[in-house]
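S.K.: In case you want the letters, here they are:
Protein chains: 2
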Amino acid sequence: MSAGVGVALLGAGAVGAQVARTLADDADALERAAGRPIRLAGALVRDSAKPRPGLPAGLPVTDDPSVLLEAEGVDVVIEVMGGEQPALAYIEAALRSGRHVVTANKKVMARRGPELLALAAANNAALAFEASVGGGIPIIGPLVRDLAANRIAAVNAVINGTTNYVLTRIARDGASYEEALAEAQRNGYAESDPSEDVDGEDAAYKLAILSALAFRGAVREPDVFREGIRNLDAADFRYARELGYAIKLLAASRLENGAVRARVHPAFLPERHPLAKVDGVYNAVELEGGLVGWAMFQGPGAGPGATASAVIGDLLAIARAAPSGGALAYPEVGARVPILPMADLETKYYLRLRAADRPGVMAQITGALGAMGVSLASVIQKEAPEDAGGPAEVVIVTHRARERDVQEAARQLEALSVVCGPPKLIRIEDGSGVSPA
Amino acid sequence: MSAGVGVALLGAGAVGAQVARTLADDADALERAAGRPIRLAGALVRDSAKPRPGLPAGLPVTDDPSVLLEAEGVDVVIEVMGGEQPALAYIEAALRSGRHVVTANKKVMARRGPELLALAAANNAALAFEASVGGGIPIIGPLVRDLAANRIAAVNAVINGTTNYVLTRIARDGASYEEALAEAQRNGYAESDPSEDVDGEDAAYKLAILSALAFRGAVREPDVFREGIRNLDAADFRYARELGYAIKLLAASRLENGAVRARVHPAFLPERHPLAKVDGVYNAVELEGGLVGWAMFQGPGAGPGATASAVIGDLLAIARAAPSGGALAYPEVGARVPILPMADLETKYYLRLRAADRPGVMAQITGALGAMGVSLASVIQKEAPEDAGGPAEVVIVTHRARERDVQEAARQLEALSVVCGPPKLIRIEDGSGVSPA
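Line order of the protein sequences matches chains A and B. Letter by letter, the first sequence follows residues 1 to 437 in my numbering. Letter by letter, the second sequence follows residues 1001 to 1437 in my numbering.
The hints are simulated quantities; they were obtained by calculation from the structure and are not laboratory data. Nothing here was measured: the structure is a model prediction, and the numbers come from that model. All C-beta atoms in this analysis are idealised placements derived from N, C-alpha and C, irrespective of residue type, glycine included. Keep in mind that a hint or two might mislead.
What the hints assert, rightly or not - In silico SDA-like pairs for lysine to any residue, Cα to Cα no more than 25 Å straight-line:
#: 1; chain 1: A; residue 1: Lys277; chain 2: B; residue 2: Asp1430
#: 2; chain 1: A; residue 1: Lys277; chain 2: B; residue 2: Lys1277
#: 3; chain 1: A; residue 1: Lys277; chain 2: B; residue 2: Arg1226
#: 4; chain 1: B; residue 1: Lys1277; chain 2: A; residue 2: Asp173
#: 5; chain 1: A; residue 1: Lys277; chain 2: B; residue 2: Gly1280
#: 6; chain 1: B; residue 1: Lys1277; chain 2: A; residue 2: Asp430
#: 7; chain 1: B; residue 1: Lys1277; chain 2: A; residue 2: Arg238
#: 8; chain 1: B; residue 1: Lys1277; chain 2: A; residue 2: Glu242
#: 9; chain 1: B; residue 1: Lys1382; chain 2: B; residue 2: Gly1421
#: 10; chain 1: A; residue 1: Lys107; chain 2: A; residue 2: Arg96
#: 11; chain 1: B; residue 1: Lys1348; chain 2: B; residue 2: Met1362
#: 12; chain 1: B; residue 1: Lys1277; chain 2: B; residue 2: Ala1259
#: 13; chain 1: B; residue 1: Lys1107; chain 2: B; residue 2: Gly1390
#: 14; chain 1: B; residue 1: Lys1277; chain 2: A; residue 2: Leu243
#: 15; chain 1: A; residue 1: Lys277; chain 2: B; residue 2: Phe1237
#: 16; chain 1: A; residue 1: Lys277; chain 2: B; residue 2: Glu1115
#: 17; chain 1: A; residue 1: Lys277; chain 2: B; residue 2: Leu1243
#: 18; chain 1: B; residue 1: Lys1277; chain 2: A; residue 2: Ile428
#: 19; chain 1: B; residue 1: Lys1277; chain 2: B; residue 2: Arg1427
#: 20; chain 1: A; residue 1: Lys277; chain 2: B; residue 2: Asn1187
#: 21; chain 1: B; residue 1: Lys1277; chain 2: B; residue 2: Asn1187
#: 22; chain 1: B; residue 1: Lys1277; chain 2: A; residue 2: Gly280
#: 23; chain 1: A; residue 1: Lys424; chain 2: A; residue 2: Arg96
#: 24; chain 1: B; residue 1: Lys1348; chain 2: B; residue 2: Glu1227
#: 25; chain 1: B; residue 1: Lys1277; chain 2: A; residue 2: Lys424
#: 26; chain 1: B; residue 1: Lys1277; chain 2: A; residue 2: Gly244
#: 27; chain 1: A; residue 1: Lys277; chain 2: B; residue 2: Met1362
#: 28; chain 1: B; residue 1: Lys1277; chain 2: A; residue 2: Arg112
#: 29; chain 1: A; residue 1: Lys50; chain 2: A; residue 2: Ala3
#: 30; chain 1: B; residue 1: Lys1424; chain 2: B; residue 2: Arg1226
#: 31; chain 1: B; residue 1: Lys1277; chain 2: A; residue 2: Pro270
#: 32; chain 1: A; residue 1: Lys382; chain 2: A; residue 2: Arg336
#: 33; chain 1: A; residue 1: Lys277; chain 2: B; residue 2: Asp1279
#: 34; chain 1: B; residue 1: Lys1050; chain 2: B; residue 2: Gly1004
#: 35; chain 1: A; residue 1: Lys277; chain 2: B; residue 2: Gly1390
Stated by the list, open to error - Chain B stretches covered by chain A per the calculated footprint, using a threshold of three residues with CB under 8 Å from any CB of chain A:
#: 36; region: 1029-1041
#: 37; region: 1401-1409
#: 38; region: 1417-1424
Could you build the full structure based on these sequences and the hints that come with them?
M.R.: The structure is reproduced here in structure tokens:
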């Protein structure tokens, strides 16, 4: 690396523009923090003819990646384009040429992280990706550095700001899912096609990245069980509150006898659970570690400023560690760890169904559950107020049971002639016992 | 540094023993994390004849510091003795000889941190002290590395586990201060002489360290305004709850036009304030940063495991960064920053006093406050139930006012013949506006 640090920026959307402006506006402070001047060589954009008032005046822009990727004097490539391709190809090219890479790309890291880390190591380059998880919240740094002495047992997180905004609006203000989502879209918290967020994909990317680092094995996005929030409705939030729970899109992974179970799905969390109190677009990650016990990290999960904070933090660390980059080495994540099937999960469950309101029906329902070895902690039966005589709503909370047994019981319940439609099933997370909940 | 990392341990109390055991028990995992083997050369103890069943079998112990401080092959000195001397002298000696130092010593770092960091830099040695603040919570690492791109505007923390345990017991269970403190002592959460904790000294040490790093200036312990929790009583907690607040020992510092105000005192925090929900022996630190906006770090503030997590995390970072140690460089904290006087603080206040229950008294009280320019947001007046006819209790919440005016008003109130004894004054912290509260 030269006396200064030459940087190429791939992507000049909201995040890229924020990074470029901060590098320009705070140049003196960043030079002190980096120990050497940082020089932004240029930005890769899709259309170089388009005016970019958000970029610092005079910053060269190009739509030809080779101009930046092969330029002399570019030591670090910052990738903030998003999406799998061509970002992945550019990252690979940069690492192969021995350039350090800072990326905010969760999709690339969740799918190809282990290979990219190996490629970086083989080329004596650093690959830093703090911004890929939890926006501006320092979580990857603490996990791989500050907590490196811990055997991490579990990661639990609320790690998608869009869904957390939507769920918070429904829970606090009684908005419908559709209203809350539309509002999130109006406020810029949700995409016009929100499926990556509401179906849990985004959270699964981030959980795969955290799990690989926490458990030091190659956990990838397809290893994460995934269920989104589209099926939740206002009644679930009412019952949750009645029972003392909040509903969150939980991202949870745990190491059990050398194997990992990783899952993203809506969950009932006890009101005192630390993640139950994380509202709006905020994210939080809690870790269980052998020495530290429990630690939690909270902050804005997205946004140009937060993401730029993480990206530039990584850039500064690379600049300080240069030329070796050694201090940025991440734990070995080469070896694939066994993934545990969701069917073996043991937890409590919330079941909601509609059933005929007549004698003997409850016996059939509890009988079907009992036959699968699922025992009940509580049962609430309510007449639908507006159509007395019609089906009653039955809400069941189980004791700890096995996922496959509960799913099978739900199928059998649906087959009962007295039950109307498929039962709704939501997993209940009790708290790990190590958190202050 | 040799192919392996030679380590000397100063102190073999609960923390030192935990560090030694973890280095022995997890040697393989730690070698992978460090990139080289870690070899514990020995431990300095006060009485080398005393049996130490908590230490790994075969670990050499000595009561002669020079044996360890001058030994060949010792690259890193871990100081977990606590107290200012002789710890400070040993740290200085180690740094002067070019050895890296990891310390958990908040008193030394709060009083002599800037000089020690300069000494370390002059000798090309690393000085790491994650364990000095917030036990096992990664906070110094995130502050100086992951968030290095941010101009930090404020640090707010609940950072003393002993007082937080005591305050939580009073608030939740109605215990008296004396009962809660005695219980904390029985459970090992408070010393037999609790003054360093309950008088806010411990929190002031930690706040000085965080402030120096956050604001990149030499903030030291005597710069921190300090007021402890001894004067709180059950009535304050009752009124706090009635008014929608929790009472916490707040450690807060803020950069205002290039100057710093740092203070530790009991504070009313709105129930929705993130720090209001941090209970028991847990600690939390929230930061306001230019890019990230707001981030919070939570976890166990003390304990052998948590402290060992931070100490060994620092050791691993030094081992990975060796031989340069460069990646551990902390921000420049050499220049002293101006310290703002407490008298100029502007916030809201809670005032509780006892006054004669007769016509005209309230006019005198509000008149004294009004004369100092202190305006009232609410007034609660209650007869003491058991002695009707005696003095009534008056609880006042002010609008934002200046500390010096409120203190002067309190003196004038005390001088009124209708007021019995000095008014109780507790500052109210509104929330910064950037946190999710």
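S.K.: Would you mind marking each hint as holding or not holding in the structure?
M.R.: Each hint, compared with the structure:
1. A:Lys277 to B:Asp1430: Judged against 25 Å, a Cα distance of about 19 Å means the pair holds.
2. A:Lys277 to B:Lys1277: 9 Å, holds
3. A:Lys277 to B:Arg1226: Distance of about 30 Å is beyond 25 Å: violated.
4. B:Lys1277 to A:Asp173: 22 Å, holds
5. A:Lys277 to B:Gly1280: 17 Å, holds
6. B:Lys1277 to A:Asp430: 19 Å, holds
7. B:Lys1277 to A:Arg238: Judged against 25 Å, a Cα distance of about 24 Å means the pair holds.
8. B:Lys1277 to A:Glu242: 21 Å, holds
9. B:Lys1382 to B:Gly1421: This hinted pair holds, its Cα atoms lying about 17 Å apart.
10. A:Lys107 to A:Arg96: 20 Å, holds
11. B:Lys1348 to B:Met1362: Given that 25 Å is the threshold and the Cα spacing comes to 20 Å, the pair holds.
12. B:Lys1277 to B:Ala1259: Given that 25 Å is the threshold and the Cα spacing comes to 30 Å, the pair is violated.
13. B:Lys1107 to B:Gly1390: 47 Å, violated
14. B:Lys1277 to A:Leu243: 21 Å, holds
15. A:Lys277 to B:Phe1237: 22 Å, holds
16. A:Lys277 to B:Glu1115: Outside the cut-off at roughly 41 Å; violated.
17. A:Lys277 to B:Leu1243: The given pair, whose Cα atoms are some 21 Å apart, holds under the 25 Å limit.
18. B:Lys1277 to A:Ile428: Measuring from Cα to Cα gives roughly 22 Å; hence the hint holds.
19. B:Lys1277 to B:Arg1427: 18 Å, holds
20. A:Lys277 to B:Asn1187: 28 Å, violated
21. B:Lys1277 to B:Asn1187: 22 Å, holds
22. B:Lys1277 to A:Gly280: With a Cα-Cα distance of about 17 Å, the restraint between Lys1277 of chain B and Gly280 of chain A holds, given a limit of 25 Å.
23. A:Lys424 to A:Arg96: Violated. Lys424 of chain A to Arg96 of chain A sits at ~50 Å, over the 25 Å cutoff.
24. B:Lys1348 to B:Glu1227: The hint holds at about 17 Å.
25. B:Lys1277 to A:Lys424: With a Cα-Cα distance of about 32 Å, the restraint between Lys1277 of chain B and Lys424 of chain A is violated, given a limit of 25 Å.
26. B:Lys1277 to A:Gly244: Answer holds: Lys1277 of chain B to Gly244 of chain A is near 17 Å, not above 25 Å.
27. A:Lys277 to B:Met1362: 41 Å, violated
28. B:Lys1277 to A:Arg112: The hint is violated at about 39 Å.
29. A:Lys50 to A:Ala3: Distance ~33 Å between Lys50 of chain A and Ala3 of chain A Cα, so the pair is violated.
30. B:Lys1424 to B:Arg1226: OK: Lys1424 of chain B and Arg1226 of chain B at ~16 Å, within 25 Å.
31. B:Lys1277 to A:Pro270: Within the cut-off at roughly 15 Å; holds.
32. A:Lys382 to A:Arg336: Not OK: Lys382 of chain A and Arg336 of chain A at ~48 Å, beyond 25 Å, violated.
33. A:Lys277 to B:Asp1279: 13 Å, holds
34. B:Lys1050 to B:Gly1004: 30 Å, violated
35. A:Lys277 to B:Gly1390: 44 Å, violated
36. 1029-1041: holds (count 5)
37. 1401-1409: Our answer is that it is violated, as 0 residues pass the Cβ test (under 8 Å) against chain A, missing three.
38. 1417-1424: Coverage by chain A is violated for the region 1417-1424 of chain B (0 residues, Cβ < 8 Å).
Hint compliance for this structure: hints 3, 12, 13, 16, 20, 23, 25, 27, 28, 29, 32, 34, 35, 37 and 38 are not met, and every other hint is.
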